[in-house]
Amino acid sequence: DQQVKQNSPSLSVQEGRISILNCDYTNSMFDYFLWYKKYPAEGPTFLISISSIKDKNEDGRFTVFLNKSAKHLSLHIVPSQPGDSAVYFCAASGYGSSNTGKLIFGQGTTLQVKP
Amino acid sequence: DTGVSQDPRHKITKRGQNVTFRCDPISEHNRLYWYRQTLGQGPEFLTYFQNEAQLEKSRLLSDRFSAERPKGSFSTLEIQRTEQGDSAMYLCASLRQGSYEQYFGPGTRLTVT
Chain G
1 DQQVKQNSPS LSVQEGRISI LNCDYTNSMF DYFLWYKKYP AEGPTFLISI SSIKDKNEDG
61 RFTVFLNKSA KHLSLHIVPS QPGDSAVYFC AASGYGSSNT GKLIFGQGTT LQVKP
Chain X
1 DTGVSQDPRH KITKRGQNVT FRCDPISEHN RLYWYRQTLG QGPEFLTYFQ NEAQLEKSRL
61 LSDRFSAERP KGSFSTLEIQ RTEQGDSAMY LCASLRQGSY EQYFGPGTRL TVT
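Listed in order, the protein sequences are those of chains G and X. Letter 50 of the first sequence, counting from 1, is numbered 50 in the numbering used here, and no numbers are missing. Letter 11 of the second sequence, counting from 1, is numbered 11 in the numbering used here, and no numbers are missing.
Just so you know, the hints here were simulated from the structure itself, not pulled from any lab data. Any given hint might turn out to be false.
As the list claims (entries may be wrong) - Pair by pair, the computed Cβ-Cβ distance ranges are:
| id | chain 1 | residue 1 | chain 2 | residue 2 | range |
| --- | --- | --- | --- | --- | --- |
| 1 | G | P79 | X | R109 | 27 to 35 Å |
| 2 | X | Q80 | G | K68 | 24 to 32 Å |
| 3 | X | L55 | G | N27 | 37 to 45 Å |
As the list claims (entries may be wrong) - Here chain G is said to cover these stretches of chain X; the calculated rule only asks that three of the stretch's residues, wherever they fall, bring their Cβ under 8 Å from a Cβ of chain G:
| id | stretch |
| --- | --- |
| 4 | 38-48 |
| 5 | 98-112 |
Unchecked claim - Non-contacting residues of chain G with respect to chain X, defined by C-beta distances greater than 10 Å in every case (computed):
| id | residue |
| --- | --- |
| 6 | D24 |
| 7 | P82 |
| 8 | I104 |
Note that the Cβ used here is the ideal one computed from N, Cα and C, for glycine as well.
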């Protein structure tokens, strides 16, 4: 049962353009969502997060949008840079009052930003 | 560098051998998590500790796996009688209670031959 899904295994964009990475979830009890970036042979690095009580969070070039009714979130990177090329994971956390903090990850999307 | 370290970074072992991995979390973080990642998948939760107490274990954690965090600081993950299916990246993450953002170590890549 895949509770968090990233349906696009890969995405290629031109430097300077917008990158949009998508994520869908099924469990309405999730109350916090995070995006991680991963380079080969390294652990995931926290990028940006959003609480379920918000619909947008922005941090520099990165913006995360949450649509609770559609159980969908997206990460926008503007402008995209070659150094952004990596695997991006969407993750969800929280089960109401019994929050263990464990993260449920999607399968990842490989972003390639071409110079 | 997230402040979370793991040792070793790579481990090659023969089927049937035991292996042990170590994780040193960020010192002020009281929660520590272990995940496993296989090729083409996202990390999957294995177990977590709050201080020295192991509070949850995934069904992925078979009887051959054991984890400890004896003094609420570093943690070890041991796999006994390794199988080829255990080959994966083992990730450790730490979390300050009350927060959601976990900080991951570089991982230990296990190859079972």
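Taking the hints in turn, this is what the structure says about them:
Look at P79(G) against R109(X): about 34 Å separates their beta carbons, and that is inside 27 to 35 Å. Taken as a hint, the range 24 to 32 Å is violated for the pair Q80(X) and K68(G), whose Cβ atoms sit roughly 44 Å apart. Between L55(X) and N27(G) the beta carbons are some 20 Å apart, a value that contradicts the proposed interval 37 to 45 Å. Taking a C-beta to C-beta cut-off of 8 Å, the stretch 38-48 of chain X contributes 7 residues in contact with chain G, enough for the three needed, and the coverage statement holds.
Figure legend: the stretch 98-112 of chain X, annotated as covered by chain G; annotation consistent (9 residues with Cβ-Cβ distances under 8 Å, at least 3 required). At roughly 14 Å, the least C-beta separation between D24(G) and chain X is larger than 10 Å, which holds for a residue marked as non-interface. The beta carbon of P82(G) is kept farther than 10 Å from every beta carbon of chain X, the shortest such distance being approximately 22 Å. Residue placement check: I104(G) does not keep its beta carbon more than 10 Å from all beta carbons of chain X (closest about 7 Å).
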